[in-house]
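Chains as they are written, first to last, in my numbering: chain A, 93 to 416; chain B, 579 to 700.
One or more hints might be untrue.
[Unchecked claim] Computed cross-link-like contacts, DSS-like style, restricted to lysine-lysine with a CA-CA straight-line distance of at most 27 Å:
1. B:Lys667 - A:Lys394
2. A:Lys117 - A:Lys196
3. A:Lys241 - A:Lys196
4. B:Lys667 - A:Lys392
5. A:Lys346 - A:Lys241
6. A:Lys392 - A:Lys346
[Unchecked claim] Some, not all, of what chain A presents toward chain B, calculated at C-beta under 10 Å:
7. Gly248
8. Phe250
9. Ile400
10. Leu411
None of these hints come from the bench; they were simulated from the model. A virtual CB, placed ideally from N, CA and C, is assigned to each residue, including glycine.
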Amino acid sequence: MKGLSDATLGHLGEVADWPDLSSTKYEAASVLGRGGMATVYLAHDRDLGREVAIKVIRLPEPAPEIAERLRQEARILAQLEHPGLVPVHDLGTLPDGRVFYVMKRVRGRRLDEHLRDERALSARLRLFERVCETVSFAHAHGVIHRDLKPENVMVGPFGEVLVLDWGVAKLSGDGDAAGPASGLVPGPPTTAHGTVVGTPGFMSPEQARGQPVDARADVFALGRILESMLADHGGPDAEGPARVPRPLASILAKALAPEPDQRYPGAREVGEDVARYLSGQRVLAHRESVFEVLGRLATKYKTPLALIIAYVLMRAALLFWRGR
Amino acid sequence: MSKTILGLILGGILGIFDGLSALVSAPEVAPQILGIVLGSTFKGLVVGVLVGFFARKVSSLPLGIAFGLVLSLAFAYLIAAQPDPQTGKHYYWEIMLPGGILGAIVGYATQRYGVRPTPATN
Numbered sequence: 093m094k095g096l097s098d099a100t101l102g103h104l105g106e107v108a109d110w111p112d113l114s115s116t117k118y119e120a121a122s123v124l125g126r127g128g129m130a131t132v133y134l135a136h137d138r139d140l141g142r143e144v145a146i147k148v149i150r151l152p153e154p155a156p157e158i159a160e161r162l163r164q165e166a167r168i169l170a171q172l173e174h175p176g177l178v179p180v181h182d183l184g185t186l187p188d189g190r191v192f193y194v195m196k197r198v199r200g201r202r203l204d205e206h207l208r209d210e211r212a213l214s215a216r217l218r219l220f221e222r223v224c225e226t227v228s229f230a231h232a233h234g235v236i237h238r239d240l241k242p243e244n245v246m247v248g249p250f251g252e253v254l255v256l257d258w259g260v261a262k263l264s265g266d267g268d269a270a271g272p273a274s275g276l277v278p279g280p281p282t283t284a285h286g287t288v289v290g291t292p293g294f295m296s297p298e299q300a301r302g303q304p305v306d307a308r309a310d311v312f313a314l315g316r317i318l319e320s321m322l323a324d325h326g327g328p329d330a331e332g333p334a335r336v337p338r339p340l341a342s343i344l345a346k347a348l349a350p351e352p353d354q355r356y357p358g359a360r361e362v363g364e365d366v367a368r369y370l371s372g373q374r375v376l377a378h379r380e381s382v383f384e385v386l387g388r389l390a391t392k393y394k395t396p397l398a399l400i401i402a403y404v405l406m407r408a409a410l411l412f413w414r415g416r
Numbered sequence: 579m580s581k582t583i584l585g586l587i588l589g590g591i592l593g594i595f596d597g598l599s600a601l602v603s604a605p606e607v608a609p610q611i612l613g614i615v616l617g618s619t620f621k622g623l624v625v626g627v628l629v630g631f632f633a634r635k636v637s638s639l640p641l642g643i644a645f646g647l648v649l650s651l652a653f654a655y656l657i658a659a660q661p662d663p664q665t666g667k668h669y670y671w672e673i674m675l676p677g678g679i680l681g682a683i684v685g686y687a688t689q690r691y692g693v694r695p696t697p698a699t700n
């Protein structure tokens, strides 16, 4: 007897995993994406006649902590209203016991994909600022994302930036988070002390060791995102590693400091320092030399400087002309 | 500070400075320096107000600079067209070129700085 091919097995697995939404007002249409613990489906809301995205746990018999994690993600997102966060419409459980939540269907590309076409440094930094704003909003509400990476940031067709996948986010009071107090009510801990969650390469050293983390763990991940944005900025034909301006290198170094105490205290401070760089102001993480100060001011005020120099040169030229 | 007021103040200050600079560029006009400074200041004030008003209406750095340059050149021409009463000589280059650049500076400043009035709401 001939065995089933991998493609057939994959298809069967997909069909088996397809959620039974008959008890809900939603109708799944296609798969938008798959994560480690859940699949996101494009679905149709029959009552309201609109497209939505439904995140459903993938496992047929989900572990309680996975289900609780999805519930917590939905609750966190539902309570954090911000343009950089996907609004949650509904939360429920399917007849097979799988937890799901319904959110707005967002269009766009992942940050890492978007960066392939967006090479200009200033445009990239503005995107980064928007990511920091959203994460900072979450920090202000006592939420730590814990899995920030370019794949979890979406850039919309009009430049809107959305921070996704709050599945391993942590609320202040969960036990190992020390963020500021917020109006959010912490649920039961979804990760045991010592459990490592996050993505290697983007995790802070303390997070990778399974130690308690706070907002500074997100700062580290933001540093990694910034690093990826600075890695190949410039023109599409740029050869070799792009030169990173020294103030940005200092921001990067501060965000990626191995010790949390040496990092920025939160995402807001990282974003503010990048905004300072973009507006030609002094970056707090960087100690400037006199030449750097002069260079920065000359760049910031290049137009009036050029006009004043033109005036002085004009006067000098007229003096020279009259003296002949 | 509104853009019009900024243009007025900056135009006046630069006008005084521009008038006084005649002592360096054309020392022979020293006896008439008061009239030159007054004329230059008046030109600066008028150009400053107009350029500031333009900045209230049009938000464009290149256009603001160009408007300041052209307007200032035009006013400087009116002054330069008056001959020196003693020598009968015209100082077109000496008056128009620096004056035009100062207008461009006021154009830049009024576009970049100063407050644009907010539209009235119900």
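Okay, which hints does this one fail, numbers in order? 1, 4, 7 and 8
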